[in-house]
Amino acid sequence: MGWLNILIQGSLLGGIYALFAVGLSMSFGIMRLVNIAHGDFIVLSAYVALVVTQGTGLDPISSLIIVVPVMFVLGYAIQRGLLNQTLSGGLLPPLLVTFGISVIIQNGLLQGFGAYTQRLHEGAIETASVQIPGGISIGVYPLLVFAVAVVAIGCLQLLFYRTGLGRAFRAVSDDADTAELMGIDNRKLYALALGIAMIFTAIAGVLFAIRTIFDPAAGPIRLILAFEAVIIGGLGSLWGTLIGGVILGVAQAVGSALSPNWQILAGHIAFLIILIVRPSGLFPRTRDL
Amino acid sequence: MSLLATKNLSAFYGDFQALFAINVSVEGGETVAIIGANGAGKTTFLRAVAGTLPTAAEMVTFDGEPIGHRTPHDIVRLGIAMVPEGRRLFPSLSVEENLLLGGHSERKGPWSLQRVYELFPRLRDLRHLPAPALSGGQQQMAAIGRALMANPRLLLCDELSLGLAPVVIRDIYQCLGAITAEGTTVVLVEQDINRALDASARFYCFQEGRLALTAPTKNFDRAAITAAYFGL
Amino acid sequence: MTEPERVERATRASRAFAAIAAPALVALVALPWWGDAGWMRLVGEMAYYVALAQLWNLLAGYAGLVSVGQQAYVGLGGYALFYLTGELNINVYFALALAAPFAGLISIPVSFAVFRLRGAYFAVGTWVVSEVFALSASLIAVLGAGSGLSLTPDILRQVAPDRAGRDALLYLMSLGSAVLVVAVVYLLLRSRHGLALTAIRDSEPASASLGVNTFRTKLIIYVLTAACTGLIGALIFLQKLRISPEAGFSINDWTVVVIFMVVIGGIGTIEGPFIGMLVYIMLRELLADYGTYYLILMGAIAIVVMLKAPSGIWGFIVQRYDVQLFPVGRRLVLAPSPQASE
Numbered sequence: 001m002g003w004l005n006i007l008i009q010g011s012l013l014g015g016i017y018a019l020f021a022v023g024l025s026m027s028f029g030i031m032r033l034v035n036i037a038h039g040d041f042i043v044l045s046a047y048v049a050l051v052v053t054q055g056t057g058l059d060p061i062s063s064l065i066i067v068v069p070v071m072f073v074l075g076y077a078i079q080r081g082l083l084n085q086t087l088s089g090g091l092l093p094p095l096l097v098t099f100g101i102s103v104i105i106q107n108g109l110l111q112g113f114g115a116y117t118q119r120l121h122e123g124a125i126e127t128a129s130v131q132i133p134g135g136i137s138i139g140v141y142p143l144l145v146f147a148v149a150v151v152a153i154g155c156l157q158l159l160f161y162r163t164g165l166g167r168a169f170r171a172v173s174d175d176a177d178t179a180e181l182m183g184i185d186n187r188k189l190y191a192l193a194l195g196i197a198m199i200f201t202a203i204a205g206v207l208f209a210i211r212t213i214f215d216p217a218a219g220p221i222r223l224i225l226a227f228e229a230v231i232i233g234g235l236g237s238l239w240g241t242l243i244g245g246v247i248l249g250v251a252q253a254v255g256s257a258l259s260p261n262w263q264i265l266a267g268h269i270a271f272l273i274i275l276i277v278r279p280s281g282l283f284p285r286t287r288d289l
Numbered sequence: 001m002s003l004l005a006t007k008n009l010s011a012f013y014g015d016f017q018a019l020f021a022i023n024v025s026v027e028g029g030e031t032v033a034i035i036g037a038n039g040a041g042k043t044t045f046l047r048a049v050a051g052t053l054p055t056a057a058e059m060v061t062f063d064g065e066p067i068g069h070r071t072p073h074d075i076v077r078l079g080i081a082m083v084p085e086g087r088r089l090f091p092s093l094s095v096e097e098n099l100l101l102g103g104h105s106e107r108k109g110p111w112s113l114q115r116v117y118e119l120f121p122r123l124r125d126l127r128h129l130p131a132p133a134l135s136g137g138q139q140q141m142a143a144i145g146r147a148l149m150a151n152p153r154l155l156l157c158d159e160l161s162l163g164l165a166p167v168v169i170r171d172i173y174q175c176l177g178a179i180t181a182e183g184t185t186v187v188l189v190e191q192d193i194n195r196a197l198d199a200s201a202r203f204y205c206f207q208e209g210r211l212a213l214t215a216p217t218k219n220f221d222r223a224a225i226t227a228a229y230f231g232l
Numbered sequence: 001m002t003e004p005e006r007v008e009r010a011t012r013a014s015r016a017f018a019a020i021a022a023p024a025l026v027a028l029v030a031l032p033w034w035g036d037a038g039w040m041r042l043v044g045e046m047a048y049y050v051a052l053a054q055l056w057n058l059l060a061g062y063a064g065l066v067s068v069g070q071q072a073y074v075g076l077g078g079y080a081l082f083y084l085t086g087e088l089n090i091n092v093y094f095a096l097a098l099a100a101p102f103a104g105l106i107s108i109p110v111s112f113a114v115f116r117l118r119g120a121y122f123a124v125g126t127w128v129v130s131e132v133f134a135l136s137a138s139l140i141a142v143l144g145a146g147s148g149l150s151l152t153p154d155i156l157r158q159v160a161p162d163r164a165g166r167d168a169l170l171y172l173m174s175l176g177s178a179v180l181v182v183a184v185v186y187l188l189l190r191s192r193h194g195l196a197l198t199a200i201r202d203s204e205p206a207s208a209s210l211g212v213n214t215f216r217t218k219l220i221i222y223v224l225t226a227a228c229t230g231l232i233g234a235l236i237f238l239q240k241l242r243i244s245p246e247a248g249f250s251i252n253d254w255t256v257v258v259i260f261m262v263v264i265g266g267i268g269t270i271e272g273p274f275i276g277m278l279v280y281i282m283l284r285e286l287l288a289d290y291g292t293y294y295l296i297l298m299g300a301i302a303i304v305v306m307l308k309a310p311s312g313i314w315g316f317i318v319q320r321y322d323v324q325l326f327p328v329g330r331r332l333v334l335a336p337s338p339q340a341s342e
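Chains as they are written, first to last, in our numbering: chain A, 1 to 289; chain B, 1 to 232; chain C, 1 to 342.
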């Protein structure tokens, strides 16, 4: 099947996984919060886009104009109203509250939309492809998604390292108590962090739903894929998350080449191997495992 | 009216009472020292003033305003800044980023990045290095500079001399003079009694959460201080 | 000569509870004679939920290992039963007995991977492991691949020759396993190891500094709960007659509701899971006509409990009335001082 082809397809697949992971990485990096509902928010974004496209006739990518602000506000509100109160209680409250949110979203979507599978339709771009030397065909859409992932991570890097807000995020991530002593309002900052994370979650949700069918129960696997990309790449490093996504994608592509049913399993196995051999990931910045 | 006044300030960590009805007042422009052994409640006192430890509103007043219940970031905006015990610079940030972060509250005043570098020239050379790369003394200077960037009216200094060599401590206390010359009020918490008393006009001695002694520092009998310090 | 101090275990409340619980248990055991199949099914279900909840509570509430992947062992136990009886023709009772050690053994290499992670990361890691098992089961032909396996009538007859006998025996096994699990948890917590666990629950660094081997204790608990969960899983699927990867390793069926039960009832207590299970059954029966709204409601309740009353319903009661029905605590009774007896 050509190893080069597997490498390329797998790497491009890594783009969407990296996009899944960005939001999770942010909320862990800044708030030390592993959002169990993260995958469900990705799926929720897809459903919001579904409603918007059906209601306005916009195509999915254009619908982002509405979906992104909606998810931003939702993220801000949930952090401010709910999750901020869990941060001082130790391990259990954030985990169980986000778990509860996950169950509520899944069952809410089930009650609202039914268990039918859905897809968003963007048109010709979904199947367009370009040929490169070597007889390999690259899908335009996966290339686009990968490019979006790179741009997204690049923007976040700029935010974190070149702006005052990013400086505040990094300070709070280092030492939340001292950050407050510097005049930073942690509660607002956390809410803003989840809001921004939701922007990327929304983009990931819409982009994935164009190529993949989804239903209310599609959240958990997305969480797991995002989680695997973050762990493989190493906590605290956004570019590491991209590389983690690529490695995950390539592992899945290898598995898929052996047999289509092996795709997801191959990714899990690669993740577990890396976990056992190098638990802090490939490019860790923090050591908070 | 005092700039800072605490009235029957009591503070608790859960069920444990760390401060018992502390009455302290600090006038504008003064430098006041708070001395006491480990566990005497000095850091707890500063945390109560800075807002990290919530207390009843009336127990701490700043310029007559009750602030005991206010959040730390609000208190910074009002004009109180802290140099925390152990420096607590942000390890992911460079020296300059740490200083800039100190200015987050955007209060107006005499201190700016330029002026902080004038006060601590060595920091300008080191400004792009990550904070953990600095020596203890340099980190202390950076921590002070970071607090100054908030243009505070009241500067709280928690154990400036902790873990530093005597010659470094001397340099730092010299800079303190330049700070108070701007009119900044300073509260110094120190275990090093001599440094603290030399730098301040008045002192308070804490002992196991209670106020054991307070007096002007000039010519005060050291034996009496020692007795109060150790609760003899 | 003054009386020495002594350590007392039982409390007035626990003695009262024992006095009520004993006859209640007898009545439950006698259910096959005074109740019908529907009752047996319901009480049997309550029993295995209590067992699963106690086990999850032991792991999360005492050992601090919050696992979102215990469904892995439910499925493993179920598949072990079906494979042993169906492929290897082992008697169903032996197969049941083997399910527990099988799940326990598998949990050992699993722990190598997941113990690398802590906190919420550990939770998601256990979930990944469960997914690996589910996916693997769906790929293995001899396990029925995606459609799973069914129990043949021959195997069912090994349980008991007739329907009524089967219903009664399966019910009694469910009840028995719940009693067994509660007894194991209770005795464990009463023992020296239980004291170590409570110490770990309260503060891991502190207990480590006192010489408690936290890693080994946690590993033992993890393997023990995996084995017991495997047994329960085997029993559950023996009654369901069919197993598939989706059903066997379903996080919704075996983990979501169990976690809600423990959290709402009161995490870190033996009494809590009982209360949580009753709340779940009540909500499910009351809202049976409204689809999965009862799950939404449970989720919301769990969130509110976590934010407002993190020790759950039982924790709230304990705080108000300082009561303990399962006496796992220790109270030091001091000797009266000499002056007092004047």
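Take these hints with a grain of salt, some might be off.
Said to hold, decoys possible - Simulated crosslink set (DSSO-like; lysine-lysine; CA at most 27 Å straight-line):
1) 188/A <-> 108/B
2) 7/B <-> 218/B
3) 188/A <-> 308/C
Said to hold, decoys possible - Under 8 Å between C-beta atoms, here's a sample of chain B residues computed to sit facing chain A:
4) 78
5) 79
6) 93
7) 97
8) 101
9) 102
10) 150
11) 175
12) 177
13) 194
14) 197
Note that these hints are calculated values from the structure, not bench results.
Just so you know, these numbers come straight off a predicted model, no measurement behind them.
C-beta atoms are modelled at their ideal positions from N, C-alpha and C, and glycine is treated no differently.
Here is what the structure says about each hint:
no. : hint            : result
1   : 188/A <-> 108/B : 23 Å, holds
2   : 7/B <-> 218/B   : 25 Å, holds
3   : 188/A <-> 308/C : 22 Å, holds
4   : 78              : 10 Å, violated
5   : 79              : 11 Å, violated
6   : 93              : 6 Å, holds
7   : 97              : 5 Å, holds
8   : 101             : 5 Å, holds
9   : 102             : 6 Å, holds
10  : 150             : 6 Å, holds
11  : 175             : 20 Å, violated
12  : 177             : 24 Å, violated
13  : 194             : 28 Å, violated
14  : 197             : 26 Å, violated
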